[in-house]
Amino acid sequence: MHGAATAGHREDGVTGPAPTPPAALLSIRALRVDLRAEGELRRVIHDVTLDVAEGESVGLVGESGSGKSMTARAVARLLPEGAVTGGEIVFDGEPVLTLRGAALRRFRRGGIATIFQDPAAHINPVRTIGDHLTEGLRLVRGVDAREAERRAAAMLGEVGIAGGERRLRQHPHELSGGMLQRVMIASVLLDEPRLILADEPTTALDVTTQSEVMALLSELSRERRLAMLYITHDLELAAGVCDRTAVMYAGAVMEVQRSAALNDGPLNPYTAALLAARPRVDARSDRLEAIAGRPRSAFEAPEGCVFADRCPHVEDACVAERQELRPLAGGLVRCRRAEELRGRLGHA
Amino acid sequence: MSGALPIERVIPPGAARRRLRGRDPLLAGCVVVIAALVLMALLAPLIAPHDPDASDILAANEGSSLSHPLGTDSVGRDILSRIIHGARLSLLGPALVVVAATVGGVAVALVTAWRGGRVDTVASRVLDILFAFPGLIFAILAVAMFGTGLVAPVIALSIAYLPYIARVIRSAAIRERALPYVEACQVAGMSPLRICWRHLLPNLLPYVAVQAAVSFGYALVDLSALSYLGLGVQPPSAEWGRMVADGQAAILNGNPEASLYAGMAIVVTVLAFNLLADRLVRRTAQ
Amino acid sequence: MLTRLAGLLLTLLVASVVIYGALYLAPGDPSTLLAGNKATPRTLESIREQWHLDDPFYERYWAWLSGAVRGDLGESFTYKQSVGSLISDRIGTTTLLIAYAFALVLVGGVLLGIVGALRPRAGAGITAVSSVGIAVPSYVAAIVLITVFAVELGWFPVFGDGTGFLDRLWHLTLPAIALALAWNAYVAQLTKAAVHEESLRDHVATARSRGVAEGAIVRRHIVRNALIPITTVLGITIAGLVAGTVVIEQSFNLNGIGSLLVQATSSKDFALVQGISLLLVTIFVVVNVGVDLLNAALDPRLRTERRP
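Chains as they are written, first to last, in our numbering: chain E, 1 to 348; chain Y, 1 to 286; chain F, 1 to 308.
If you are wondering where the hints come from, they were derived from the structure by calculation, not from laboratory data.
Treat each hint with caution, since some may be false.
[Unchecked claim] A few chain F residues that face chain E, going by a derived Cβ cut-off under 7 Å, partial list only:
#: 1; residue: H203
#: 2; residue: A205
#: 3; residue: T206
#: 4; residue: S209
#: 5; residue: R210
#: 6; residue: G211
#: 7; residue: V212
#: 8; residue: A216
#: 9; residue: H221
#: 10; residue: D292
#: 11; residue: N295
#: 12; residue: D299
#: 13; residue: P300
#: 14; residue: R301
[Claimed, not checked] Pairwise CB distance ranges (calculated):
#: 15; chain 1: F; residue 1: R301; chain 2: E; residue 2: A154; range: 44 to 54 Å
#: 16; chain 1: E; residue 1: L97; chain 2: Y; residue 2: D24; range: 36 to 46 Å
#: 17; chain 1: F; residue 1: T3; chain 2: E; residue 2: A162; range: 33 to 43 Å
#: 18; chain 1: F; residue 1: R301; chain 2: E; residue 2: E223; range: 28 to 38 Å
#: 19; chain 1: F; residue 1: A296; chain 2: Y; residue 2: S191; range: 39 to 49 Å
#: 20; chain 1: E; residue 1: E223; chain 2: F; residue 2: L302; range: 36 to 46 Å
Ideal Cβ positions, reconstructed from N, Cα and C, are used throughout, including at glycine.
Using the sequences provided together with the hints, build the complete structure.
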């Protein structure tokens with residue numbers, strides 16, 4: 001079953017419209033994750049299939065509990081202890097989930113760097129900004145201290161922090177949240193990754209700095225032709241920043257499309273519902289369409305289609321069988337009635 | 001150890017409301033041991049095989065026998081009987097300290113948590129000063145003042161332990177006071193005293209129980225240390241710390257039993273109370 | 001920092017009033033203690049004058065405190081010697097004992113705690129052993145050690161403080177172990193908890209995601225940050241070891257400050273009790289200041305004011 005989905009996706013990757021280059025840098029296939037909670041395993045991801053090509057930015061959008069952050073943690077190999085995984089994650093031709101010891105460390109220093117949600121918690125509060133920035137260079141890459149500091153100060157300038165030399169001596173609590181996230185971005189760029197995992201990088205910041213930091217991250221990664229997997233709950237922001245956008249619900253990818261196409265022609269009723277539920281500036285509307293019911297986690301999702309119990313287009317057959325991700329209109333969709341509903345799902 | 005081991009146990013917030021049901025054999029074991037110790041103290045004259053103070057110089061330093069299961073000490077007194085009778089004074093002192101320090105500590109905690117502001121600041125300062133005195137030193141000072149015996153050290157330790165209990169209960173009480181139901185009671189016109197007594201205190205009881213259990217262990221260690229030093233319970237009264245000291249001379253002649261058995265009684269009791277506190281923390285925290 | 005320092009000075013001042021006041025208020029007439037029961041009223045009179053027993057409290061307290069600041073703690077009536085010289089004769093043994101025990105706690109407690117936190121399998125055993133260790137009072141540990149290592153095996157001397165540095169270390173080995181045992185267990189438990197807590201921090205995941213080697217992560221991020229709570233625990237430990245010497249010096253017949261305090265208390269030698277108590281409380285306060293300074297050095301958040 002997963003095989004079919006895999007083949008479908010590959011085919012789509014090749015024949016699909018540009019700008020998706022042929023070979024995927026990161027490829028997630030039928031990923032499944034169970035976490036241990038109170039002695040029993042709980043499913044948090046039941047089927048994630050997604051590709052990120054070299055230099056491409058992909059948005060991964062979902063409500064809280066949809067499993068989007070867990071997906072990022074699985075890719076970075078930062079799942080909590082006792083987690084059980086299935087399926088496959090391949091980065092640059094190497095399977096990631098089975099890496100151990102020295103090979104795992106080589107993978108981490110080589111290709112993927114993570115920008116975390118809360119920079120204040122993710123930067124050691126008792127060490128200096130300089131320590132944080134140069135740690136990767138000095139300890140992992142063996143660059144000497146003076147050269148590492150020079151590069152770090154220069155990189156601070158690039159992320160828009162003036163007075164680099166002085167900043168290196170400061171401690172995290174002396175900087176604002178927005179500044180710290182810039183430091184985090186600088187540290188990630190210093191490590192010269194090929195893929196950036198950005199896990200809700202602006203959620204912990206206040207609204208005015210959010211857009212600045214996002215613009216900076218997007219610009220710098222584009223400039224360096226870095227691939228990015230951008231995890232967010234904000235569909236519009238993802239579509240605005242990323243080449244392609246994937247939508248997750250209850251631990252499964254529901255739809256993947258080019259961002260431009262997603263907005264006007266959602267293929268999955270869930271995406272359509274998400275689009276209808278956000279406030280719009282350009283269209284007048286007296287009320288927002290809320291999605292009936294509350295979001296489901298993977299372990300409490302219905303047997304058949306995971307969205308079946310909340311979907312306005314549900315039929316008996318939807319409840320009966322699990323749906324697979326399949327290609328449609330240059331994208332991927334997980335919905336029985338996708339062809340039938342196509343064109344009717346746009347926001348009213 | 002004797003002296004200043006801090007007697008605080010940290011309980012995560014909200015612990016009082018989430019209680020774990022189910023079995024805990026270790027907890028049950030602690031309760032059984034403590035109950036047995038209390039019974040032993042209460043029923044000492046009935047269950048002790050011999051008069052604890054009757055010495056028989058001809059039967060000194062005897063090994064274990066049917067008539068003397070733990071043997072006899074250097075003046076021929078039955079060790080088992082002395083340990084059974086010793087439980088009375090050994091447990092009475094710590095019990096008094098725990099009751100006094102807990103009542104005082106909880107009162108201080110409730111008042112400071114309820115009034116806040118200047119009352120809280122002043123009380124915290126005074127408690128800070130009290131922290132500078134380890135309980136044992138405080139108790140020795142009291143003995144220098146009032147002479148040897150149990151009374152002065154019990155009062156001194158009650159004062160010395162009060163700040164530890166007050167500090168833990170105070171922070172729990174401040175969290176509890178911030179909960180919406182307290183305000184609801186106030187709006188309903190309940191008096192502060194009534195709210196504290198009927199609602200705050202019952203919700204703080206798990207914290208109080210844990211602190212009391214830990215304090216008991218340390219009070220026992222400190223009080224028997226004083227008796228061991230000859231500053232507390234005076235001979236010939238049976239008390240475990242005193243017995244450890246009395247038996248020490250015989251160790252050199254190869255007869256360590258009197259000291260070791262008394263020491264064992266102390267360790268078992270302290271361990272039971274410490275583990276009880278640990279299990280209570282776990283039970284309320286999960 | 002300055003307010004903290006002022007607070008500690010205030011604590012010290014209040015403590016000195018309590019120490020002095022407590023014995024001033026003690027029931028019984030010190031002059032009869034000094035002269036014995038058979039003294040004539042005349043001798044009592046002269047003693048009262050000699051010891052300034054009829055002066056008002058604040059005058060006597062002030063004379064005592066200003067003397068104490070100059071190092072003059074008065075005279076012991078049992079030894080007929082100055083309290084200062086009695087203390088200085090014995091302080092070496094006590095200091096060495098405390099330092100020895102503290103070294104054992106550093107090596108044993110802190111190291112065991114770190115290992116216990118990083119190796120879950122060893123951790124369970126360390127927790128079990130240390131729970132028992134905490135429950136063993138120093139004087140019970142002392143008699144067990146004397147029974148086994150001094151009497152049965154004869155490896156160590158039973159009593160006394162020895163002469164010359166190595167011989168003294170030799171004599172102080174069992175006392176130091178007895179004194180350190182429960183504190184070892186206590187420090188091991190709290191160190192383990194602190195290190196475990198730090199190992200779960202988000203910034204540790206950051207370092208791990210960058211491919212930093214595990215050893216460097218433990219050093220630079222886990223243990224480095226856990227040093228802050230560990231320092232506080234070690235401060236409490238020093239204070240506890242100081243108080244513990246009072247008991248353990250008695251167990252091993254050591255001629256130190258602790259056994260001097262016990263003798264002074266038994267014989268109601270107030271000047272001596274006051275002097276030693278003041279010294280001990282001063283040590284506790286100084287240790288507190290030291291811990292505060294160390295914590296400020298270890299934690300930049302305590303050094304600089306938070307900027308918005």
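Hints, verified against the model:
Using the Cβ-Cβ criterion of 7 Å, the hint placing F/H203 at the interface with chain E is satisfied: the shortest such distance is roughly 4 Å. For F/A205, the interface hint holds, the least distance from its beta-carbon to any beta-carbon of chain E being 5 Å, beneath 7 Å. The criterion of a C-beta within 7 Å of any C-beta in chain E is met by F/T206, whose closest approach is roughly 5 Å, and the hint holds. With its C-beta approaching chain E no nearer than about 5 Å, F/S209 sits inside the 7 Å limit, and its interface hint holds.
Hint status for F/R210 relative to chain E: holds, with the closest Cβ pair at about 5 Å, below 7 Å. Checking F/G211 against chain E by beta carbon gives a least distance of about 3 Å; that is within 7 Å, so the hint holds. Nearest Cβ of chain E to the Cβ of F/V212: about 5 Å, under the 7 Å cut. The hint holds. Residue-level restraint check for F/A216 holds (minimum Cβ-Cβ distance to chain E is 5 Å; threshold 7 Å).
A least Cβ separation of about 6 Å between F/H221 and chain E falls short of the 7 Å threshold, and the interface hint therefore holds. With its C-beta approaching chain E no nearer than about 16 Å, F/D292 sits outside the 7 Å limit, and its interface hint is violated. Of the supplied interface hints, the one on F/N295 is violated, with its beta-carbon coming no nearer than about 11 Å to a beta-carbon of chain E, more than 7 Å. Annotation: interface hint on F/D299 holds; nearest CB of chain E at approximately 6 Å, less than 7 Å.
Given hint, F/P300 at the interface with chain E, holds; its Cβ is 4 Å from that chain's nearest Cβ, closer than 7 Å. Because the smallest distance between the Cβ of F/R301 and any Cβ of chain E comes to about 5 Å, under 7 Å, the interface hint for this residue holds. The given range of 44 to 54 Å is broken by F/R301 and E/A154, whose C-beta atoms sit roughly 28 Å from each other. Between E/L97 and Y/D24, the C-beta spacing of about 38 Å keeps the proposed range 36 to 46 Å intact.
Distance hint for F/T3 and E/A162: a CB-CB separation of about 35 Å, consistent with the stated range 33 to 43 Å. In this structure the hint that F/R301 and E/E223 lie 28 to 38 Å apart at CB holds, the actual value being about 35 Å. Range check, F/A296 to Y/S191: Cβ separation about 45 Å, and the 39 to 49 Å hint holds. A hinted range of 36 to 46 Å holds for the C-beta pair E/E223 and F/L302, which are about 40 Å apart.
Hint compliance for this structure: hints 10, 11, 15 are broken, all remaining hints hold.
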